[in-house]
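Engineer: Residues per chain are reported as follows:
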Amino acid sequence: AQSVTQLDSHVSVSEGTPVLLRCNYSSSYSPSLFWYVQHPNKGLQLLLKYTSAATLVKGINGFEAEFKKSETSFHLTKPSAHMSDAAEYFCVVSDRTGFQKLVFGTGTRLLVSP
Amino acid sequence: EAQVTQNPRYLITVTGKKLTVTCSQNMNHEYMSWYRQDPGLGLRQIYYSMNVEVTDKGDVPEGYKVSRKEKRNFPLILESPSPNQTSLYFCASSFKGQGLYEQYFGPGTRLTVT
Chain B
-1 AQSVTQLDSH VSVSEGTPVL LRCNYSSSYS PSLFWYVQHP NKGLQLLLKY
49 TSAATLVKGI NGFEAEFKKS ETSFHLTKPS AHMSDAAEYF CVVSDRTGFQ
99 KLVFGTGTRL LVSP
Chain D
9 EAQVTQNPRY LITVTGKKLT VTCSQNMNHE YMSWYRQDPG LGLRQIYYSM
59 NVEVTDKGDV PEGYKVSRKE KRNFPLILES PSPNQTSLYF CASSFKGQGL
109 YEQYFGPGTR LTVT
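Sequence lines, in order, name chains B and D. What the first sequence shows, in the numbering used here, is residues -1 to 112, in sequence order. What the second sequence shows, in the numbering used here, is residues 9 to 122, in sequence order.
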């Protein structure tokens, strides 16, 4: 069975400071991992994905994530937060058995203050 | 423009009155899925479809039905809605490919059952 744990329900940062959103996963098979972002009253947008190529994955809007198998982690980072980054972020795992089921974490709400 | 569309976007209904939420994609994706989003729970899969006439239950299928008669459409049917089905619903689609492809999400349908 697969699962993801997002370690923080809320993260608050100041504009211009680094962002770290933490995610740990569990998967019986070699996983695919995704980060999605949901802005208020909007749908979900893919930020980045890991599918066993490079372990450091770069996404849109300056975000990146590093796959660490030894730590079963896939943390999302950004060097400098912008006000427009305020949103809810979901870490998602999908196994590769062919069923393409996505398992979502419970989400981390990122708050950015001026 | 490649997109997933859902209708209606907002719906308020009463207990027991049958309703259908439509979902359509224009990307020729084989895989389609329905999720519900509830505070603190992330997104949970209701039903999914690997192709036309092929559907299966997700994690929370009780009280829902789906059909896949055409590749582009995947309606969600609530035959007798109850207040515990008040939620935000998302339709998603992707190419079939063992978890390697990201899913594209519709804008969401906010359903309130009184």
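Bear in mind the hints are in silico, worked out from the structure with no lab data behind them. Everything numeric in this text was worked out from a predicted model, so none of it was measured. Be careful, since some hints might not be right.
What the hints assert, rightly or not - Using 35 Å as the maximum straight-line C-alpha spacing, the simulated DSBU-like pairs for lysine-lysine come out as follows:
#, chain 1, residue 1, chain 2, residue 2
1, B, K66, D, K104
2, B, K67, D, K25
3, D, K104, B, K56
4, D, K73, B, K67
5, B, K40, D, K25
6, B, K66, B, K40
7, D, K65, B, K56
8, D, K77, D, K65
9, D, K79, B, K56
10, D, K77, B, K67
11, B, K40, D, K79
12, B, K66, D, K73
13, B, K66, D, K25
14, B, K56, D, K26
15, B, K99, D, K104
16, B, K99, D, K25
17, D, K77, B, K99
18, D, K79, B, K99
19, D, K26, B, K40
20, D, K104, B, K47
21, B, K99, D, K65
22, D, K26, B, K67
23, D, K25, B, K47
24, D, K77, B, K66
25, B, K47, D, K65
Engineer: Measure nothing beyond the straight line between the CA atoms of K67 of chain B and K25 of chain D; if it is 35 Å or shorter, mark the hint as holding.
Structural biologist: violated, 49 Å
Engineer: Is the straight-line distance between the alpha-carbon of K99 of chain B and that of K65 of chain D 35 Å or less?
Structural biologist: holds, 11 Å
Engineer: Within 35 Å, alpha carbon to alpha carbon, are K25 of chain D and K47 of chain B?
Structural biologist: violated, 40 Å
Engineer: Quick one, are K47 of chain B and K65 of chain D close enough, alpha carbons at most 35 Å?
Structural biologist: holds, 25 Å
Engineer: Under the criterion that the straight-line Cα-Cα distance not exceed 35 Å, is the pair K79 of chain D, K99 of chain B satisfied?
Structural biologist: holds, 19 Å
Engineer: Is the Cα-Cα distance between K77 of chain D and K65 of chain D 35 Å or less?
Structural biologist: holds, 17 Å
Engineer: For the pair supplied as a hint, K77 of chain D and K66 of chain B, confirm whether the alpha-carbon distance does not exceed 35 Å.
Structural biologist: Measuring from Cα to Cα gives roughly 42 Å; hence the hint is violated.
Engineer: Given the hint that K56 of chain B pairs with K26 of chain D, test it: the Cα-Cα distance must not exceed 35 Å.
Structural biologist: violated, 44 Å
Engineer: Is K73 of chain D close enough to K67 of chain B, meaning Cα to Cα at most 35 Å?
Structural biologist: Between K73 of chain D and K67 of chain B the Cα gap is close to 38 Å, so the pair fails against 35 Å, i.e. violated.
Engineer: Is K26 of chain D within 35 Å of K67 of chain B, Cα to Cα?
Structural biologist: violated, 47 Å
Engineer: Hint check: K99 of chain B vs K104 of chain D, CA-CA at most 35 Å. Holds or violated?
Structural biologist: At roughly 11 Å apart (the allowed maximum being 35 Å), K104 of chain D and K99 of chain B satisfy the hint.
Engineer: For a C-alpha distance cap of 35 Å, please report whether K77 of chain D and K99 of chain B respect it.
Structural biologist: Given pair K77 of chain D, K99 of chain B holds - Cα atoms ~21 Å apart, limit 35 Å.
Violated hints for the displayed structure, listed by number in ascending order: 2, 4, 10, 12, 13, 14, 22, 23, 24.
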